[in-house]
Amino acid sequence: MKLVVNGKSFEVAVPTDTPLLWVLREEVGLTGTKFGCGKALCGACTVHVDGQPRRSCVTAVGDVADRPITTIEGLATEAVLHPVQAAWIEENVPQCGYCQAGQIMSAVALLRAKPRPSDAEIDDAMSANLCRCGTYPRIRRAVHRAAALLNGAGPEGATPAAPATPAAPATPVTPVTPATPAMGAKP
Amino acid sequence: MIELSRRGFLHGALVGGGALTLAVSCGGASGGTRIRHAEATGELVANMYVSVMPDGRISLVVNKAEIGQGVTTGYATLAAEELSVPIDRVDVHYADSHPELRTSFNMQITGGSTSTKEAFGSLRRAAASAREMLVAAAAAGWNVPARECRVEDGHVLHGANKAAYGELTKRAAREPVPARPRLKPAKEFTLIGKTDRRVDARAKVDGTAQFGIDVRVPDMVHAYVIHGPVFGARPDQVTAEAARGRPGVIDVFPFRWGVAVVAEKYWQALAASRDVAVTWGKGDVAGLDTAAMQQAMRAYDGGGTSMVDEGNAGKALSRAQTKVGGVYEAPYVAHATLEPQNCTVRVAGKTAEVWAPTQSPTLVQAVVADAIGIKSDDVLVHTTLSGGGFGRRAVPDVCGQAAVIAKRVKRPVKLVWSRESDMTQGFYRPIYAIQAAGAVDDGRVTGARLHCISQSIALSSPDMLGAALPGIPGGLKSMFVDSLLAMFSTNTMGDLFAAEGLQGTPYRFRNLEVTASPVQTKLPVGTWRSVGNSVTGFAMESFIDELAHAAKRDPLELRRQLLTPDSRQTRVLDALAQLSKWGTPPPQGIGRGLARHFSFETEVGEVAEVEIVGGRIKVRRVYCVVDCGLAVNPDVVRAQMEGGIIFGLSAALDQEITLVDGVVQQRNYDTFPVLRMFEAPEIIVQVLASDRDPTGVGEPGLPPIAAAVANAVFALTGERLRRMPLQRAWNERGAK
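Those protein sequences? They're chains F and B, same order as listed. Heads up, the first sequence is in my numbering, so the first residue is 1 and it goes up one at a time. Heads up, the second sequence is in my numbering, so the first residue is 1001 and it goes up one at a time.
Certain hints may be false.
Calculated cross-link-like contacts (lysine to aspartate or glutamate; reagent style DMTMM-like; alpha-carbon spacing at most 25 Å) [as the list claims (entries may be wrong)]:
1. B:1194 with F:27
2. F:39 with B:1670
3. F:39 with B:1275
Calculated from the structure, these hints are not laboratory results.
Next up, chain F with everything else stripped away, as it sits in the complex (with noise of 0.2 Å):
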């Protein structure tokens, strides 16, 4: 089957049902992407599909077959990095880096959909991608940043829009209450 790779085509021969994660990793050689759980849990293996993000390890690699996939791989052009990355080099984001590929792709499609996230959107679009090492903080403010560097301005355009009424996160776990602590509270 034929499998289209950040712009370029890859004849794969493996079984329908393997997961994409593998295919990518050990067929095309991308190793960018990363294995985590296997079970759509941790966000480590996202990748884009019709630039959509899509957990790769439970993604059978027969039903993106001829669909535009891009890979962490993928992002920069040339010697230019995307915007995002950029950002989170500027905001010492990673610290061993193995989620990072995830997270940054999860952010490029979250920074696609809204240009000027909100934090409460930020935790919408983040929070199915763990960090064990505690990247967080991090995270929200290169996300930010990457959106004021995307939009064209410097990072002191970087004001978050007001934070958005919350929805639920796209995770299992508990509730949700806004990110944002009350900053005009009487302390």
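Based on these hints, arrange chain B on the given structure of chain F.
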């Protein structure tokens, strides 16, 4: 800081390709041996190398592993500072396993928050020596005094003369190594304490960073291991005909840890594993039940080994007007590194080559050698990037398994565990119950007694590797135990770790008794970020909060009363009070809790702001003040505090490994939750300025957070939660 004699400290050498290389010897537990050897023989046994390359780049070979803590950035900063080059001109390489590279605890290991402390003096002296030799070479060439030259951006300058480092390396290598290189004084620092760049960020955002799981070796095959339901269970009967017939499958065979499935590709091994039927033996921990264990530990009323005995705590307690007491409990918890345990091994005759995301190449050597019956020195280990460590990668159980498989199939093998194996195969943070009693008289604390009942890492450590690797030689076991002993500078084996963080407490109780009782099981336990401190910090700081309320004192004021005035402890408390606006009323619906802890020679204080929303404990904001001596990379320190707090919050609120009839109940991130973005608090970190040498950073941010949250819950609701995970304790409050 351990210093070698002047004569033995450094020597210059010209290596192939015209680089100027300085060999460095860093301290650590074996530093004393190195100093004696150097003084006696004049010979330096180096364990780190700084090279100035002909292209002007700086190459560092370090004996540490990057597990996210920023050691590569820290070491690059130290070298770049003394050489006056930008930090991105430094390339950091991991050293392979060699006996002379063993520093911490007589091993080549990354742990105990020791790396920056070990290298701070010696690495800078090596880089400064290189700089002075480059200057001397340039000055000789221009026939000017060296002292009139200066360095800037990788060049030596004098008047109109300018020479790049790369042009000078060959001549510089012939210069004598300075006996006393001039280190930059703090006021001249342009990078130390100032730089905010990480050297490893680029590769970690563009997909090029190579972790252990990404290793590729020619002719390599892939392995998956099916582990039994109970730790240590061996396969009885294996039905694998269908699996063996699948495309790409090379071998399916039972071994002492389970059933190995080997194929040309990992996806083939994974698919074939589903066709393997196994009946299992009983297992090492058959029948183990953590609920029953916790009940027994909570109620245990025997004595323990004395760890601290100052004054007369018994007398103080018997005379007290008010007695305060409780049992603080912690469950087993897993490390759950995002990169599952994995290892690649090539066996050739009586030698082996290993690629592993490991915190200890030395232990990998020992375990691999033992698993396939060769000598440790004949195992060469290449350290890769690690997708998280947290202490789990100090235990190389997966490497022994990979070696046995590689030997059998006669091809290089990469073994990658499933998440479920990673979660269920032990080496957890030990289960704990700490019984505490305190005496309060006239608003003052007059005595305290703490009894730590826990599964002892040190006591179980000979069996610890033995459990995973039966037949391990006694020599290795004793090496491991000796190293653990060295780590905590005590000779009482049974007492290690259990009361870590309580012994040497900066609180001046006057009457203090700390005892420890070990609990033995065959479920192996190990070092988990901040080790014993992760529980003793929770217990002591919750206990102090209880004492403060009993004494009707502000919790911060009571701490100040018990601490030495004008100490690092009170300095951090004062800064924390200011940062968190302690003493002002919190916003409606918010509780504030305070905790502090001294570990790895670093003092950290934290205030948590907590609310309860829909029955859920929600931590909205954490203020953190840290005194870690001189912060080489302040932003790395801030990142480690943030990371330690969030890692600690996951465990404080939600995580536990429970066993029912020997079976671990948590198998993946759905049942062993890790804090997610929408629950991550705002974290405000203040790094105190200090001119002391650097101390630990990777672990000390963690110990205070659980108590800060529990104390905040008490402040908000009057409910005292003494058992982690706190969310479960909250849900079950009043049920006992």
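Structure-based check of each hint:
A threshold of 25 Å between alpha carbons decides the hint, and for residue 1194 of chain B with residue 27 of chain F the separation of about 44 Å lies outside it, so the pair is violated. Restraint check for residue 39 of chain F and residue 1670 of chain B: the C-alpha separation of about 9 Å stays at or below 25 Å, so the hint holds. Using a Cα cut-off of 25 Å, the hinted pair residue 39 of chain F and residue 1275 of chain B holds, with the two alpha carbons roughly 19 Å apart.
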